[in-house]
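Enquirer: Now for the letters of each chain:
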Amino acid sequence: MNLRIEATGNVTYVAPVGRLDFDAAPGFQEALERLLGGAGERSAAVIIDGTALEYVSSAGLRAFLLAARAAQRSGIAFALCALQPAVREVFELSGFSRIIPVHTDRASALAQTPPGRA
Amino acid sequence: MDHPPVSPRARAARASLTLPVVLTPVLRWANTVRAKVRGVAQSLVEGRGPYARAFENLIVALVIFSIASIGVESIPGLPQWATRALYVAEIVVVAIFTFEYLLRLVAARNKFGFIFSYQGLVDLLAIAPFYVLGVDARWLRALRLLRLLRVLKLQTHFLETVVEERTRELAEKNAALEKAQAQLKAELEVARALQLAILPASFPARSGCEAAARMIPATTMGGDFYDYIELPDGQVGLVIADVSGHGVPAAFFMAVARTNLHELALHHIDPGECLAQTNDALCAQNPLDLFVTVFYCVLDPKSGVLRYANGGHNPPYIRRAAGTVETLRGAGGLVLGAMPGGRYPTHTVQLVRGDRLVLFTDGVTEAFNPAEELYGAQRLADEVHVHGGGTPAALVERICQSVTNFAGTAPQSDDITLTVLTWGAP
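Those protein sequences? They're chains V and G, same order as listed.
The first sequence begins at -1 in our numbering and counts up by one.
The second sequence begins at 43 in our numbering and counts up by one.
This list has only true hints and no planted wrong ones.
Quick partial rundown of chain G residues pointing at chain V, CB under 8 Å, derived from the structure:
#, residue
1, Asp284
2, Ser286
3, Gly287
4, His288
5, Phe333
6, Thr335
7, Gly354
8, Asn356
9, Gly374
10, Gly375
11, Leu376
12, Val377
13, Ala380
14, Met381
15, Ser455
16, Asp456
Calculated directly from the structure, the hints in this document are not laboratory data.
The C-beta atom is built at its ideal place from N, Cα and C for all residues, glycine as well.
Only chain G is shown next, with the shape it has when bound in the complex (with noise of 0.2 Å):
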């Protein structure tokens, strides 16, 4: 048969036509085997599974193995077989390693990456001397030696167990630190919502009294209270305190204060005696050594007679229904919890009506602002002067926002607690 001529250029374009017919299969089927090979080299070297574990301990008990029959070889005298038996192990070894080291290699995202790795170098170098060498008897010694060099192997392994272990370990503390904090936040929440509770939301209005109250704390709990006692004869007290320092020991001694002087004002009528037996009750329960500046006053909504007795408190003021303001001096007596047996005077006062007692702690004239200014007794002063003609809730408000503007961007380092009560309608 005659075979039509075919020129080289022919054929080789013939070629190139069906080589990527034949090749692609091919070449689709190598790349699915590449990454099933690469997936399974991935799962035993870098996962977590029980293969990889078991395959990990393999590597590590083999590392261990190979250092002690470095030391088994040494022994002089050895016999033959069991040379011959260390020498068959290596070999194996050095076949398994080189094994796991492909295998790493074929794991690796970054082949270049890996090989110039601390690990790469070090799993390397546990093998080159034996394919470097080879098994020439010459190089025994020096290839024993090189041996000793599978220590950073093993370090490597146990290098990446302990960092992985003080990881989780802090991982857990931090999380058990987190879920602490955030129980001590909850309970201090619940705190402060107690002690809110224990302070009057409201004041019940009665023959023409209208009062309000506001107290803002500087930490989570605060030492400020204020107080409205409705007493057996028709007159009702008012009390404005505030407790040395701020926080959880403040909150404590300002419910237990609270409590002493609520109940000691239902039997004892006279201002200055309520003080007296709240301190000595106070002194007799006080292990942290906190004290408390009070000023209680009655007034009785059928005179408008108004009796105080001032424990160490600022003194408040009373804006006369013309819109003059005095402060309540008055001999007082020391702060209530310090010192056992203490007198406090009491004093009298007539309101008129439609005249306003403004209480106040010093947070609210000792606010500071940016510029460390005191907020001071004459802003406050001028703000019950000019704003004080309205509702005492009104006034409240006024006198919160011009601390709260005054201060600006400065911390508020002291609970800020105001109460306004207002005797008949003007």
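Just chain V, with the same shape it has in the complex (with noise of 0.2 Å):
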């Protein structure tokens, strides 16, 4: 899978673009250690944004609740945003949406992640 990321402010915008399945899992779970590991430069937050993300399966949720364990250790906030509806409902069913904050778009996104620590 492809991801997209943009950088703007001291906020990191991760789009993902197509399945997050068992085999893209690892690549995804790699790219977010990056951007929320502690070395190098940090953005305060990472938002990824769901649009083109078309499915998400166990593998790749475990990518999710890795990354939300490594934010947490580097204080990065990180939320997902834009979900499309079937991925909406994975992150809901599992339980998911009450550990990482999942909101409507960007700007919602934006305004209600308070920055991290770092």
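Both chains are given apart, each in its own frame, so use the hints to dock them into the complex.
Expert: Take a look at the structure:
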């Protein structure tokens, strides 16, 4: 899967394109860990834009869980926005929407994401 | 004595009659000898026996000696006897090389092929200067230089040996690799058999309950599981679960999750409490950060009361005896193993006789076809609605068929697991 990464100010938007399944999860996880890890320049917030994210499997959910934990450790705000209905349902059914904030679009995600302490 | 006159023509005719008679055994003998000589030559220059090895070593030793002697000859003020000795040695060496060349020529099936092969040319170059330039002292210097070409002769010998050795090493490594792979595959097969053995093979019929289940793993080892638990007070517990990912790590986590849940279910009759306890147990032993979605329900076969709790799993369907399909909604909790201390509310639903409970994992609804379309919840609900009237085993089979037909040639990306339970004869 492809990732479109844009950094604007101290917020980084990550837009995954396509299906986040068992095969795509490790690459996605690695990319998020780079953004949320301790080394290098960091943003205050990382927001996942789900506009082009078509599908998330359980292995994909695990990548989000690990990213949320890494963000917590690094003090970076982590949120999701603009999820397609099917993907949003996966987040709601699995209970993940309770541990990772889900917003309707980038604007509301930005407004409601308190900048981290990075 | 007068001899009758014999015309030259008649004499020739007689000769042509007698010659083959005399020559045939000679030719036959010559043929036998030729075959024998060729056999001996082949065994010497192409064979693998001790004589062939000795001959090979002799040639290599002579090449090294002859190259070394070039150096020795160039030492100024060499005594007369030494020069003579080296000269005699050179003649012997060339004689043996010539013998070797002839042997190879005799042994070769394709004579021209040998003569114009790399080794054939090098072997010829190693001896030809001696014959062409003779022993004429004026040409000795040139001869010496040309003898340096024997280095090439050495190279052809070692090249052959090295190539042979590498080929053999490669074959050995391949064999070892194939063996290791076969062993790994055999071990995975055993692990898969063990994993499938964890799943209940059959559901005991009890007070009008009847159930059937099936799991089709996406890889050799799956992360899905189902379980049927006979609880102390006559109630029955039914579990369906899906571990994140698949393969060996998911299979291990599945075994741990299933064992924990099965044990805790015997002590915590409330489904929500059972999931909360299982979640805490899993969070305490989860080095790979895996998690599992679990739907757990407890049916009282006497009353038809079904109590359930959901840890992030797809809500199951209830097919009512009348044929309508309902989704078992009701707030659930987070997937198990992700975060300790989670709460899992218990919900209650009353079954009527003839109702069917259909539990499934997302491998069913998220099966893709070659056009990358999802099987989807609607197709599943339709199958349950139309074909849910028969036995649980028939419905399980029907849905598996439907998903397999839909997916066609598209590879199966996730485990497919289904459990169907009926309560009471309709």
